[in-house]
Structure formats: structure tokens, C-alpha cells
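Q: Taking the hints into account, I'd like the entire structure generated from these sequences.
Listed below, chain by chain, are the residues.
There are 2 protein chains.
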Amino acid sequence: MDNLQVIESVKAMQSHCERLRLAGKKISFVPTMGYFHEGHLSLMKEARRTADHVVVSIYVNPTQFGPKEDFSKYPRDFDRDAAMAKSVGVDVIFFPPNSEMYPEGYQTYVNVEKVTQNLCGLSRPGHFRGVTTVCCKLFNIVKPHSAVFGRKDYQQLAAIRRMVADLNMDLEIVGMPTFREPDGLAMSSRNVYLNKEERASALTLVGSLKMAQKLYAEGERNAVKIIRQAEKLITSAPFTAIDYIKICDAATLEDVLEIKGEAVMALAVKVGKTRLIDNSVLGDKLEA
Amino acid sequence: MDNLQVIESVKAMQSHCERLRLAGKKISFVPTMGYFHEGHLSLMKEARRTADHVVVSIYVNPTQFGPKEDFSKYPRDFDRDAAMAKSVGVDVIFFPPNSEMYPEGYQTYVNVEKVTQNLCGLSRPGHFRGVTTVCCKLFNIVKPHSAVFGRKDYQQLAAIRRMVADLNMDLEIVGMPTFREPDGLAMSSRNVYLNKEERASALTLVGSLKMAQKLYAEGERNAVKIIRQAEKLITSAPFTAIDYIKICDAATLEDVLEIKGEAVMALAVKVGKTRLIDNSVLGDKLEA
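Protein chains in written order, with the numbering used here: chain A, 3 to 290; chain B, 3 to 290.
In short, the hints are calculated from the structure, not lab data.
Glycine included, every Cβ here is placed at the ideal spot set by N, Cα and C.
Don't take each hint at face value.
[Said to hold, decoys possible] Short derived list, chain B residues pointing at chain A, Cβ under 8 Å: (1) V12; (2) G26; (3) V62; (4) Y111; (5) V114; (6) C138; (7) K139; (8) I143; (9) H147; (10) D168; (11) L169; (12) N170.
[Said to hold, decoys possible] If you want the footprint, here are the derived chain A segments under chain B, 3+ residues with CB under 8 Å: (13) 18-27; (14) 108-117; (15) 137-143; (16) 227-237.
A: Below, the structure is given as C-alpha cells:
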């Protein structure tokens, strides 16, 4: 666990992992875009707990960003990330350049058609196609027995689970609880974009989820009524612009009007220039 | 080699192959839609020659047929196929039902965007998406070190090579020469649809490829002129209707007007109700 190895080439990563598999070792994998926070570390710790060998990828994947999104300014700090990964016992960081991942002539995409339609799929066209494509590539490169994702990106996790099942990928997908700051804000690499006033307004995301949980616990099953209350709370804070607040079937991610089965409330809100997301399965304890 | 095993479940196939890989065995795979002819057997023999364990899949894949195509009447004869596979030393036939391959809620597709545009991509929208999707699934199920395809389906082979490279699938794709009847007709499971007169007209496909090779050998580099001659030959035969005759860059499959680099002449012709394809790389000896 003492020697953290950094691998940049696809072929080297692939043969490293093939050797490990042939030796009967279990590989667990945490795909990330870097700029680690406690949420990322909790995924790595889970991987460490359950496998012989832990691989973390750091790759800000261009195909999941829209042309007007924050690809170029997405925060990056490899040395800090490497030290943090080392501190939780990661064995290998896979850190490929774009030329390795999308060489000239690249033209293949994996598309999960239905669970990616709603929510962020509406506001970020092509985003999930980029996510599932890069995860398919990374799974083929790292050949893991399990891969660990955070539940903060609920729809991403749903899309990846669907892809893995549909394409018969032989690995287990593990979803871990959303990691939150002491005041409840969901941890995100994008939180560094927030100034002090925006940071305060950003608390209305988790605040509206808490309120929804309370209404649900009191018996409210009308999704529109819950959403109205959440809207009221969020718009009352300065610098906020709601992208969406929705209550969806937890499996299909289709909108529900009357909550019957398992449902998730998911929201995306711009606070200043920073787009934040959060979610909570209604009836579950709010993750912290 | 004496015991041919038939496996119908995805999970059973996957754990069978994972066990073999862990034991250090090399797996070679031939994906087919069944109704074998000598062309299929040549692929299986190549697989047998190069690997410890040979898996053949027989699966008439619904997602690669258009709504008006011959999915339901595509010829099937499992017992005959199994006997033929056994005769060339195949170890396992993977023979899944549709419910295993596309269970309810299925929604994930792999799309190779560029090399699938031209040729059959124009006349069979969605066809290659079905082919690459099912091959991606089959590769994840069989976990082969190599997979063997015929070059008769030139564009299919190009799409699969592209998918494998782009998605970093760790296996080798082997392309084998087109197998032909003694009179030159490319072997195809669909040849059984042809009556005696149509069978005679079908020879104009290979005839036009031979003529193109002759013109090319004599120095002709104008693609349009070669195509015109081929059209003349094919339309002179009864029951023929040309879908396309094209000369394309052998790698990108884009049309070429003036032949400079490696080019392939590819054609699709309906003979009676049966759609046949054939191709030849210009300058190569016609495969037989």
C-alpha cells in the first residue's frame, strides 16, 4: 500500500490489470475527474475495504461537457489528489492524456436511452452519452471486479448500472451515500467556485430535500405540492436559478405526479454561475 | 474436442469463460447467426488453430434487422449447425434466447458513427447499431482473446474493428477471406432463398468485381467509370435490382472518385427478393 503507482498509457494499465486478474487478485475501481474531497475518499476507502487492488482514474472527460460548460476551468490538482489517494491506500492512479482516450478518428459512443432522458439529460444534452462512453472505456481498460460511485450523481449511477446490465459487463457497481459538509451541503469539486454569499444560498438545495422528506413523512404524496414548496424555498435565496426540481420513479427516472412506489427527489440549481445538483430518495434518511 | 457443450444462459457462459481465463486458457470466438456454410467453418477452423478453447455463438439478433427485413424467416437449423460445429472441433455453442439478450427494460446501444454511414448504413438504418451492440454484449459474455469474422461483411468488420479500438476492448479481431462457391458466388446463409434463375443472375455480383479488378489492373483509376461498367453487367441479368455499387476508401469507407490509396469496391444487389452483398479490395486477388 506504500507505493502509489501512476499509469498514463491504456496498454500499460490494461496489461497491469490483466496480470493481476490472472494472479487471482480482486480489483476495485473508482473513476473520478479528480480534485478530490471527502466524498471521493469515501469511495476509495470502500474500494480498499473490499478488494486486493484499488485503481482510481483521474480524467476530466471532454465528451461529457457541453460546449458552453466548464471543461477548461474544471478544477485540477494532480499532486494534491495523488497525496490524498495515497493516504487511503490506493494502489494505482490511472491518469491518461486525451490523446490516449480519444485518438484521431475516434467515433464510438455508448448510449443508455431512457434513464438519461429526464433531469440532467434535459439540460445537458450529450452529457450522459459522454459519461457512459468513458466508463465503458475505463471498465475495459481497468478490468475491475467492482466499481464504486457516489449517489450524489443519482442519474449517472442509474445510467451506469443500466449500461453494465444491458451490455453484460461482468462487474459489480457499488453506490455509496452522498458525502456532505457539516452544514449539509453535498460535497462537490465545483463547490470551490462558490463565493461566501453563494455558499449560503447553496444550502437551500439540501434544505429543500429536508423539507420534502418532512412533507413525505407527514403523508404528502402529491409531487407537485412538494416541488412547489421546494421552489419557494430555493427562489427565496439570492443568486439562485432553478434548472429543475423533480420527483421521479427511483428506477426509471420518469416523473411521478402521485408518489406510490420508491421515488427520488432530484434538483439542479445554478447558484451564481455554478450549477449544483443534489437528490434524496423519499422515505430514506437524508444521507450525510 | 469430443464433447460439444451448448450453453444458453449469459451467466453460465460468463462464468465458464472466466474460469478458462483464470486457468490461463486462450479463448477464440466466432459470433454467427447460424445456418452454417463453409465460410462459417473456415472461421471456426481459424479459431481452433489459434486458441485453446473455441466458442461459437448462434444468435439471430433482432436489433440488426429492419422492420421490413427477413428476421422471422432467416434460415435456422440448430441440429445441423451443432453437428457442423462439432466436426471442426468447436468446444461450446452459446445459444441464448432473446429473453437473455434483451430482457425487459433493455435500452443501451453502441454506435460507431462514421464507418457505418455509407453503403449498407444508407440502405439499412440501424443495422450496424444492432451489430455493434450485440457484438459488444457477446464479447463481454464470452471474454475472448480473439474473435474471427469474415471479410464478406466488409463494413461490419470495419465497424467492429473501430468499436474494439475505440472502446479499448482487449481482444484481437481477425478478418478471414470471403468463402466462395466453385463458380465464385460468395457464400451466404441467404443463398438458400435463391431459385435456379436467380442463382444464375447472382453471379453478376462476383462478375462485376472481377471486371473491376481487371480494369484496375489495366490502370483505370476513375471510380465512376468502373462503377458504370459494373452497373451495366448487373442490370443485364434478369431479376436484379441494384441497391448500391460503390468504391470507397478501404479504411474510412468514404466514397472515392479517383482511386489513390487502398480502395474497396462494395455492392449490394437484390436478386428476386434476396439482398446479396459482396466486395473486393482493388488490387487484391479476388478471394476464393
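Q: For a quick check of understanding: which of the numbered hints are violated here, in increasing order?
A: 3, 9 and 16
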